[in-house]
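Produce the entire structure from the sequences given, and follow the hints as far as they go.
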Amino acid sequence: MNINQKVKKQIRGNKMFKTKEEFKYEFSKRIIETYGRTVEESHITEKFLVLELMVRDYASVNWATSKALIRNNNQKQMHYFSMEFLMGRLLVNNMMNLGIYDIAKEGLAEFGINIHDLEELESDAGLGNGGLGRLAACFMDSLASLAYPGHGHTIRYEFGLFKQKIENGYQIELPDQWMQTGFNWEVRKPKHRVPVKFFGKIVYNDATGKYEHIDTEEVYAVPYDVPIIGNDTTTTNTLRLWGAEASENIPANQDFRHYIQNVRDICQMLYPDDSTPAGKMLRLKQEYFFTCAGLSSIVKAHLRNYPNLDNFHEKNVIQLNDTHPVLAIPELMRILIDEKGYEWDDAWDITTQTFAYTNHTILAEALETWPIDVMQTLLPRIYQIIEEIHRRFIGYVKMVSNRDEELLNRVMILRDGLVYMARLAIVGSFSVNGVAKLHSDILVERELRDFAVLYPNKFNNKTNGVTHRRWLAYCNPQLASLITEYIGDEWIKHPEKLEDLMNYVDDVNLQERFLEVKKERKQVLADYILKHNGIKVDVDSIFDIQVKRLHAYKRQLLNILHVIDLYFRMKENPDYRIEPRTFIFGAKAASGYYFAKKVIKLINSVGDVVNNDPETNKYLKVIFLENYGVTLAEKIMPAADVSEQISTAGKEASGTGNMKFMMNGAITLGTLDGANVEISQLVGDENCVIFGLKDHEVKELQVNGSYHAWDVYNNNPRIRRVIDSLMDGTFIENREEFRVIFEELMNKNDEYFLLADYDSYCQAQMKVRDLYKNRHNWAKICLINIAKSGFFSSDRTIQEYVDDIWHLEKLKF
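Read in this note's numbering, the sequence shown has 761 at position 777, and its numbers run on one by one without any break.
Accuracy of the hints is not assured; some may be wrong.
Derived pair list, reagent style DSSO-like, types lysine-lysine, alpha-carbon separation capped at 30 Å [claimed, not checked]:
#1 175 / 60
#2 13 / 89
#3 764 / 619
It is worth saying that the hints were derived from the structure and are not from the lab.
If you want it as structure tokens, here you go:
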């Protein structure tokens, strides 16, 4: 009897429905058993909750089978530590992956239930914010779909980041109460809880020869496991969410209510404001909480199969997604030395063969550091271990560099009262990867050059990818069906097969049908805009879309400045008219990011004027979609004509929105930054629109100091008119409203070179308008982008991680 049969034999009363009638019986039975009423009498929320649990239970057989197979075969596993997993809705996606969507849809229809009405009741899980979390979610999907044993660890946030509301053009942050109806995908595992200790002091025990951590504030980390269901495979992995609960060991010197609040704060929200000492302490507490808990659970699982941790690194690899989980490195050292009795060298050997680190940023502000006094106070033993890692590393650098003092200062883990987390990650990991070729080149040649010289074999590139199953097959079924009609459905499991579409890009019938699908999806978004914004947009206009986190380097400001320019040109010259254009924005600004919030206000203020001006609103509309997230993105991506990827060259590590737009048939308008470089290389310069300074040109301007924003302002009347409008009351009565934007551009010398790229950007926009006039050629370009998007599948990315870093074997059932 194989493992799958054993698992199924042990399960009693689990109706593995295979037909519509079996589904209807099980659904009706569960409604009655759970709520004491018939399907017809039950509330729509009750129907939704029952369906969720049915799908989870259906998946549980594969889940148990996967766990048993890994355990019995002693297979190596990958553990993905990330502060974010932006999963989006799971109900329909999970049913599709299990192959039961059509059965459930038809069965529900016979009860008079539209499955999409149930889907709309599901909230996006508030476990992430932007690209970092969405990448992690795509990776989880690909790992399971490719049958590799890979699991995620993060925090079970009560409120996530925040729910964005736009009031009078301003961003208002509200609690994201995403668990109001529960989260049926999770399974609480209280018996697997682990203690996590903060504060206290370290004493040396002469009798045992070990360091002891006493007088601590202890909390319990309790796991909530979520099944990650592979597409058309038995493999089901686990996303483990860690929740904080009170310990029985309450600090004697602390008020009980204060202690309980401290426990609740840990998992209350993603990225609490760290502008205060208390905020910094809480952020660091969050990072240690889930890394400590995750490592404890992995170590315990390992010791159920093996007598010690000698082969821990042979059976486990831990991928650190950015610097947030880097405390896992000294934490594993603590476990090995303090709890398991390993000598330093042996512990370090195991640790440095366990961890791999992904760098996600080039921005200095995002390379995480922590004040030493905060680290010492909150995590005294962890800080001691970091000190020793630092001491030994500096000794190594002195030895290999002939005591090069300048080099030592550049690579120190501890310096100027700070702990440099990226440096700790590099020293403690066996692999360091960037997430796009340009990004990785910049790391090796510039930003982390010293470390690349010290550790030349550690650095590599893994260009990001996204799952086509979610971002094409699931969110754009109309386009997916059209593609399948021409090249078959093999592309769903093997996205590289999309290349076969190149054989048909000149097919006029396909071009026409693609344009019909695009218009249909634009209508879906237009209906959403009308419902939520109260604005009617023209579906025959160019949908020019920029949706991503609001940050100065992403340059949403450049986009809206161009819109202002178009508006002025049409107002000043009645003969100047453009192809109708709808500029669509979606972005959240960090709650403490004053500049970014003012950009949101500017976009909305410009929209208020432009959208209500009868002279121009036939040609120009500006829409800001509030509370941008995964579910909204699934409406936006299929509707886009133009994908705005306009960050300052050299600042965006990769980006993944560019890939999602590309596979849905949008044309990239962008700088040569991040993955845009690889997109342009794949599709050819004639099938995307590239503009602006290149990375090396940006660097030259920064180094030689030859760029002066005021010179551009004084020499370009159009730019001057646009900049003046920020302060002259054109878009808002309060002339000081956008002072901070004016200051950043002019008196702080335009750090991200918006004005330097402005003319080039305007020319690129004119090229877009010219291309759009030839509808069949436009459709051909879009189809080429779809055909070439297979490279940007997260399946490809994961396979590269497996081949080069993780060295996993597929589960074989």
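Subject >> Structure-inconsistent hints, enumerated in ascending order >> reply: none
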